[in-house]
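Go ahead and model the full structure; you've got the sequences and the hints to work with.
Residue numbers (numbering that gives the first Met the number 0), protein chains in the order written: chain A, 0 to 295; chain B, 0 to 278.
Keep in mind that a hint or two might mislead.
[Unchecked claim] Restraint-style ranges between C-beta atoms, simulated for each label pair:
hint: 1; chain 1: A; residue 1: 273; chain 2: B; residue 2: 241; range: 41 to 47 Å
hint: 2; chain 1: A; residue 1: 282; chain 2: B; residue 2: 37; range: 47 to 53 Å
hint: 3; chain 1: B; residue 1: 106; chain 2: A; residue 2: 62; range: 41 to 47 Å
hint: 4; chain 1: B; residue 1: 134; chain 2: A; residue 2: 100; range: 55 to 61 Å
hint: 5; chain 1: A; residue 1: 181; chain 2: B; residue 2: 113; range: 23 to 29 Å
hint: 6; chain 1: B; residue 1: 110; chain 2: A; residue 2: 55; range: 31 to 37 Å
hint: 7; chain 1: A; residue 1: 74; chain 2: B; residue 2: 194; range: 38 to 44 Å
hint: 8; chain 1: B; residue 1: 51; chain 2: A; residue 2: 197; range: 52 to 58 Å
hint: 9; chain 1: B; residue 1: 222; chain 2: A; residue 2: 288; range: 51 to 57 Å
hint: 10; chain 1: A; residue 1: 154; chain 2: B; residue 2: 120; range: 54 to 60 Å
None of these hints come from the bench; they were simulated from the model.
From the three backbone atoms N, C-alpha and C, an ideal C-beta is built for every residue, glycine too.
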Amino acid sequence: MTISQRLNKENTAGYIFISLFIIGFLAFTIVPIGVSFVLSFTDYDILSAPTFIGLNNFKEMFQDPTFWQSMGVTFYYALVSVPLRLIFALLVAMVLVRPSKASGVYRAVYYLPSIIGSSVAVAVLWKRLFASDGAINALLAMVGLPGDTAWLAQTNTALWVLIILAVWQFGSSMLIFLSGLKQIPVSYYEAATIDGASGPKKFFSITLPMLTPVIFFNLVMQLINGFMAFTQCYIITGGKPLNTTLFYSVYMYQCSFQFNRMGYGCAMAWIMLILVAVMTGILFKTSNKWVYYESK
Amino acid sequence: MNARKNRTVVYHILVCLFGLVMIYPVLWMIMSSFKNSSEIFQNADSLLPTSFKFSNYTNGWSGFGGVSFSVFFKNSFLICILATVGTVISSAIIAYGFARCNFKFRNFWFGCMLISMMMPFQMIMIPQFIIFKKLNWVGTFLPLIVPYFFGLPFGIFLIMQFIRGIPKELDEAAKIDGCSTYGIFGRIILPLIVPALITTAIFQFMWRWDDFLAALLFLNKPSRYPVSLALKMFSDPSAQSDWGAMFAMATLSLVPIFIIFICLQKYLVEGISTTGMKD
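Put into structure tokens, the structure is as follows:
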């Protein structure tokens with residue numbers, strides 16, 4: 000066999016094409032995961048050599064009140080903001096699916112926030128919007144409501160400022176739902192109308208089941224991202240007040256890069272990975288109960 | 000007929016009102032960038048400035064610590080363009096391998112790609128930092144660029160979907176004419192998947208432009224900062240905060256995104272609806 004014949008064998012060609020992925024996957028995912036695993040059992044400040052301390056990082060973590068608080072805050076944030084965002088996205092998609100000349104413009108307007116929402120620009124803007132002398136309070140005062148709430152300084156409102164920012168970015172989920180809605184055959188609705196089904200009945204018996212695969216996929220991906228949210232918390236609240244908005248990944252960042260405790264940070268990362276994996280697993284396990292796949 | 004017309008009018012009014020609420024924050028930012036710093040919070044409830052001023056833009060552009068925003072923008076463009084070019088080239092090659100070649104353990108490697116897609120950056124940021132530190136890459140642009148030359152799962156998926164839509168007969172005809180697998184990729188497939196490449200490029204450019212965490216970790220000198228990181232430092236209350244200038248720079252930092260949004264919306268919508276995901 001000549002070299003060119005050998006290179007043309009499908010097996011060889013396949014590996015040549017994906018070789019970049021294999022190298023990158025090993026170098027930037029597998030090796031870091033291995034390093035992280037080893038370091039999670041050590042005390043490491045990056046300057047001196049790591050010292051093996053067994054399970055002490057994990058033991059310490061379970062007694063660290065800030066760890067538990069950040070975990071609670073993150074769960075609250077993800078489990079509230081992701082479902083809210085998906086519900087909003089679905090509602091608005093149902094409204095916009097109605098054809099009209101302006102629907103392109105409407106779609107663009109609702110979609111815009113999700114395009115820019117993760118930027119630093121919007122984070123600093125949000126901080127100013129909800130400042131005591133910001134636009135939200137000014138607008139509330141204008142319509143006669145109390146306009147002196149310190150949204151970002153109160154323990155019971157600060158996290159909601161971040162949740163509102165997350166829900167505000169429902170646009171891209173809305174687009175996904177819109178394209179899902181358009182794929183539902185009109186004949187289903189026609190048949191339901193002939194059978195005398197009401198609007199809500201159609202929604203719960205046709206629309207919602209047909210969308211469950213899309214909803215499921217988005218729920219999983221967005222929950223993973225929600226648990227890992229970083230930038231908005233880091234810039235807008237920095238975890239304040241009294242750590243009531245301290246996200247898990249921000250606390251992990253503080254431990255590793257501000258207190259120079261890389262080992263502890265790695266251990267925290269592993270706990271989160273396990274939690275997210277278990278949660279994803281549960282979602283997948285229960286998915287055949289509520290996710291409707293047409294081929295079945 | 001009349002009742003239906005009324006309902007249509009109500010529909011449009013409601014949709015417009017809600018749309019206004021949605022983009023009000025952005026409008027407020029843009030308008031505030033033309034206001035005096037004192038006016039921004041005194042007249043926080045009014046959208047229009049008493050008079051349009053561009054001084055915020057000139058003040059803001061001078062930056063901080065002796066580094067102006069022209070440097071930050073240059074850094075951002077350099078990082079984003081290189082990372083995007085790397086992403087598109089590598090993702091196209093990898094996607095072709097997965098979509099058209101039958102090789103051993105393909106499903107295994109495909110599973111690995113799913114894992115790397117689900118793996119949040121936060122999980123591996125600490126060891127990556129340590130590795131890059133040992134390589135002396137921290138403080139340079141390399142950690143923000145090099146990893147993307149090994150494919151981006153989102154792009155690989157998108158391009159794979161596209162390649163699957165191309166009839167296999169095309170490949171086979173070329174093969175009979177003596178074209179090698181690499182020739183088929185370069186001459187037949189590559190020209191046909193340009194729309195998917197553009198979509199991948201747009202998304203990756205926007206994500207790199209917005210990226211904050213990696214820049215925060217891997218860069219340490221203001222002269223190397225991209226716009227996102229510079230904006231955060233600029234808004235820190237340690238300095239006497241000039242909110243007008245901050246809003247001006249925040250607005251400017253969104254201009255590339257706005258341009259993409261307005262000119263290339265078709266690709267954005269397609270990318271989102273075909274892959275069914277956003278990040």
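Run through the hints listed earlier and report the numbers of any the structure violates, in increasing order. Result: hint 10 breaks, nothing else.
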